[in-house]
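J.: The residues making up each chain are set out below.
Number of protein chains: 2
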Amino acid sequence: MASGLCIAVVGATGAAGQTTLRILEERKFPVRELRTFASERSVGKSVTFRGEPVAIRRLEPAAFRGVDIAFFSAGSAQARKYAPMIVKAGATVIDKSNAFRMDPDVPLVVPEINAHAARGHHGILACPNCTTIVTVMPLKPLHDAGRLTRVIATSFQAVSGAGVNGIAELREQTLAWARGEPLVPRHFPHQIAFNLVPAIDTFGPDGYTGEEMKLVNETRKILELPGLRVAPTTVRVPVFTSHSIAVTAETEVKITAAHARDLFERFPGLTLWDDPARQRYPMPVAVEGQDDCFVGRIREDLSSPNGLSFWVVGDQLRKGAATNAVQIAELLLRS
Amino acid sequence: MASGLCIAVVGATGAAGQTTLRILEERKFPVRELRTFASERSVGKSVTFRGEPVAIRRLEPAAFRGVDIAFFSAGSAQARKYAPMIVKAGATVIDKSNAFRMDPDVPLVVPEINAHAARGHHGILACPNCTTIVTVMPLKPLHDAGRLTRVIATSFQAVSGAGVNGIAELREQTLAWARGEPLVPRHFPHQIAFNLVPAIDTFGPDGYTGEEMKLVNETRKILELPGLRVAPTTVRVPVFTSHSIAVTAETEVKITAAHARDLFERFPGLTLWDDPARQRYPMPVAVEGQDDCFVGRIREDLSSPNGLSFWVVGDQLRKGAATNAVQIAELLLRS
Chain A
1 MASGLCIAVV GATGAAGQTT LRILEERKFP VRELRTFASE RSVGKSVTFR
51 GEPVAIRRLE PAAFRGVDIA FFSAGSAQAR KYAPMIVKAG ATVIDKSNAF
101 RMDPDVPLVV PEINAHAARG HHGILACPNC TTIVTVMPLK PLHDAGRLTR
151 VIATSFQAVS GAGVNGIAEL REQTLAWARG EPLVPRHFPH QIAFNLVPAI
201 DTFGPDGYTG EEMKLVNETR KILELPGLRV APTTVRVPVF TSHSIAVTAE
251 TEVKITAAHA RDLFERFPGL TLWDDPARQR YPMPVAVEGQ DDCFVGRIRE
301 DLSSPNGLSF WVVGDQLRKG AATNAVQIAE LLLRS
Chain B
1 MASGLCIAVV GATGAAGQTT LRILEERKFP VRELRTFASE RSVGKSVTFR
51 GEPVAIRRLE PAAFRGVDIA FFSAGSAQAR KYAPMIVKAG ATVIDKSNAF
101 RMDPDVPLVV PEINAHAARG HHGILACPNC TTIVTVMPLK PLHDAGRLTR
151 VIATSFQAVS GAGVNGIAEL REQTLAWARG EPLVPRHFPH QIAFNLVPAI
201 DTFGPDGYTG EEMKLVNETR KILELPGLRV APTTVRVPVF TSHSIAVTAE
251 TEVKITAAHA RDLFERFPGL TLWDDPARQR YPMPVAVEGQ DDCFVGRIRE
301 DLSSPNGLSF WVVGDQLRKG AATNAVQIAE LLLRS
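Those protein sequence lines, which keep their order, are chains A and B.
Just so we're aligned, residue 1 is where the first sequence starts under the working numbering, counting upward by one.
Just so we're aligned, residue 1 is where the second sequence starts under the working numbering, counting upward by one.
For reference, chain A alone in the conformation it holds in the complex:
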């Protein structure tokens, strides 16, 4: 281990997998050997790591012998099928999918918030949903200061949350519009360019989507508040990367806007951008490529005595996915 770890990246050709490779480089993660995996049709292709090509391998448990940590960004079905075998082969799996997040035996970790939870892992650690991560980052310091009682969150989610296909679809539809051609939905259920799709994931019988219930359940698990009341609305918007969330949070103890600014400023992984006089507030294009979550538009709620409203933006592929996963690996390294 002194000379580094053997690292696997599963889903290495996808948007989150590609970003994971970039973040392992940027953060100088001690990679001794890198093995990259993707779907059958990518076998034979290669990805780039530290300027060198790395061949894509076929996903089979035997290929994980000797792997220390496997970053898994290949979807829930693949994670359910392969993660337990990879753990048996001796690796620790950090999974970006929804497969294990609510499993009571699997820690669901945002390192700035609940690093302690990582210690109890049994081979698999889960990375929360991207919208959840960006939302809980500012909720944690508010909870510590005033005890959260209710959260009302409305998301504005970038197409990158749907992976490379989502990014390609916004790009292709916009180019078609520029050429005066029809805009054809392929990946999303409806046109996404110049439109809003107020439905992400499938619907439950109560009218909430899977994405909305992830926000409710994962927020409760990460903050260790099983009874927290959360009202979620998740919407896909024509933005390439970075998710934005408008939040109204209520606490037992009133937190003023000035106090909240101070709390956010001091919380690791959050950056305060809240200077209305200079038209300074977080926006997706300004946050793209950054690891922190950016918070602004902080104001006391006009509709509840202990409410606080704010706007938080995070790069969905970085803190919302790859950065958080690599931070979990860094936790494992240190322990």
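No lab work stands behind these hints: they were computed from the structure.
A portion of the hints provided could be inaccurate.
[Unchecked claim] Heads up, incomplete: computed chain A residues facing chain B, CB under 7 Å, no partners named:
#, residue
1, Phe194
2, Pro284
3, Trp311
[Stated by the list, open to error] Just a sample of chain B residues kept apart from chain A, beta carbon distances all over 12 Å, derived:
#, residue
4, Thr13
5, Pro30
6, Glu40
7, Arg65
8, Gly90
9, Asp103
10, Asp105
11, His116
12, Ala162
13, Gln191
14, Val253
[As the list claims (entries may be wrong)] Residues from chain A that face chain B, not an exhaustive set, calculated with beta carbons under 7 Å:
#, residue
15, Phe29
16, Val31
17, Gln78
18, Phe156
19, His187
Nothing here was measured: the structure is a model prediction, and the numbers come from that model.
Glycine included, C-beta positions come from ideal geometry on N, C-alpha and C.
Since the structure of chain A is provided, determine the placement of chain B on it from the hints.
T.: Same frame as chain A, now just chain B:
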């Protein structure tokens, strides 16, 4: 009056003024004579009404002699300056600007909701802000059924809300992106293509924008609920026309999702689009060009016992502006 009215449209070259002309045609409003006005630099140009060109005139009170109803879509400063003179000249002014909305002597009217308020006018009637109109449409039947106590509203506002310059800016920035050129903000404070700008209008000292306070104050005035608690967040999104609002509304009496669907379906000016199994919910591109407001994603709030969440979309230039103004004129005709 038997052969029709003399109608003036002020701001006739703007986005709302142009839509007003279309809606007067569509609704076969009894126009005997049409006079159109715009800024100095448009004088000499013409607009089209019922297939005929109508010359743009200079805005001066003398030109309003004989006018019955003047539709005013020329901004607050112009409205403050000219509307009282036009009233003195004998016309009734229906103003789309923010100039008189909160004036206790001026009715603020959404005809489906408070037609009775129009009766008390003294020559000026105000049309609410576009986001307010779309938001209050579904709030009214909920209030009548269960008495509203609190509204949390997050808007996704199209660039048409900023007029023809806003529409041109999204168009130009998107075309620049397609050509690989830089995206230059001219009208909005920041890039709007592929971005979100969580600030509309100027900021007040408490951190709320003018747009957000319009939503609070106008909703209270229209619903005649001066103490209604409203939590507003308004955001500009890269959509051409149609504003969308994610709303959580709390009522004294619980309203189930099924009851709300029934209430919305029966309310004039609302159309229910709420069939998740068929991926059917309101979206800006689907609503563009329609006069109704469309409501969907109806579900009982997970975070409050008497809360209901929904998503409402309305064409900002139609029900959010011109249609509502022409409906007010129709009220005047009938009385």
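J.: For every hint, state whether the structure bears it out.
T.: Okay, the hints, checked on the actual structure:
{"no.": "1", "hint": "Phe194", "result": "holds, 5 Å"}
{"no.": "2", "hint": "Pro284", "result": "holds, 6 Å"}
{"no.": "3", "hint": "Trp311", "result": "holds, 5 Å"}
{"no.": "4", "hint": "Thr13", "result": "holds, 24 Å"}
{"no.": "5", "hint": "Pro30", "result": "holds, 36 Å"}
{"no.": "6", "hint": "Glu40", "result": "holds, 30 Å"}
{"no.": "7", "hint": "Arg65", "result": "holds, 44 Å"}
{"no.": "8", "hint": "Gly90", "result": "holds, 41 Å"}
{"no.": "9", "hint": "Asp103", "result": "holds, 22 Å"}
{"no.": "10", "hint": "Asp105", "result": "holds, 26 Å"}
{"no.": "11", "hint": "His116", "result": "holds, 27 Å"}
{"no.": "12", "hint": "Ala162", "result": "holds, 15 Å"}
{"no.": "13", "hint": "Gln191", "result": "violated, 6 Å"}
{"no.": "14", "hint": "Val253", "result": "holds, 19 Å"}
{"no.": "15", "hint": "Phe29", "result": "violated, 31 Å"}
{"no.": "16", "hint": "Val31", "result": "violated, 33 Å"}
{"no.": "17", "hint": "Gln78", "result": "violated, 25 Å"}
{"no.": "18", "hint": "Phe156", "result": "holds, 6 Å"}
{"no.": "19", "hint": "His187", "result": "violated, 13 Å"}
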